[in-house]
Amino acid sequence: LPSIVVVPDEALWFMPFAMMHDDAGSMLDRCTITMSPSLTVLDQLHRRVRAKDAVSRDGPILVLANPSIASSIGVKELAHADEEAAIIKELFPERAVVLTRSAATVDEFVKLAAGAAIIHVATHGGERDEPPDSRMTGSLLLAPNPELPAGGAESEASCYLSADRVADLDLSADLVVLSACKSGYGEQCSDGVLGLSRAFLVAGAACVLVASIAIDDYSSQRLMSEFYHAYREVPRAGRALAVAQRRMRDAGLCVQDFAYFSVVGADLSDLDDDL
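Going by our numbering, 1610 is the number at position 148 of the sequence shown; the sequence numbering is gapless.
Quick caveat, the hints were computed from the structure, so don't treat them as lab data. Computed from a prediction, not measured in an experiment: that's the story for all the values here.
Listed next, the in silico DSSO-like pairs over lysine-lysine satisfying Cα-Cα at most 30 Å (straight line): (1) Lys1538 / Lys1551; (2) Lys1538 / Lys1573; (3) Lys1573 / Lys1551.
Hey, can you work out the whole structure from these sequences and the hints?
Here you go:
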């Protein structure tokens, strides 16, 4: 199927383009859709992917799933996130580095992310008041720093991996998957959405798979299973997502369970076949 890059404006960032249809049928059956903040950003990403000494595409897959988030934050455990991690480990047994529960901390993420070819985070999206000088909005919730006293304000604060902190990292990942509610949200501006997806692109990732709405834990696990089975066959994020969404649609699942996931950035489908 042909690949189409959509450059949305404002609220169109949260439109499930793949599910749009006309008399000729659904877009999901006619093309692969990815999104970009702008054509200038897309060109920069393409140039960076071609020029950099990227991590081997057979390099490590860093997986953080179902972290033991501080109880004071008040979020539930994500039982199906463990299943996401298990599926990735089963499909890529030699590559997957899996951190769960108390091991899935911000410090461990920062330490290991730079060497990962793929990064997968299955957790809650964090919502809190952003500092006035924040460049980007949004956070991922991970396990607290074990060296801090449990239950204190510092321990709770250590659970937040902010978009600003992500943007300051040096990554070489071909793909980042954020299996978290509203991971595609952020502050809207003339140059796209300044949130987690943009932060990972700034840090060096080629593309980011995000959800623009709150997604059920089980539905996320089901989509991720279909996605990684397809990605193992053809390592192109946009194509793998389209395959996963078609399979879930054909299985009769609710559109809301899969349609609001999208790939942002320079999917390798858009680049030369020799990459």
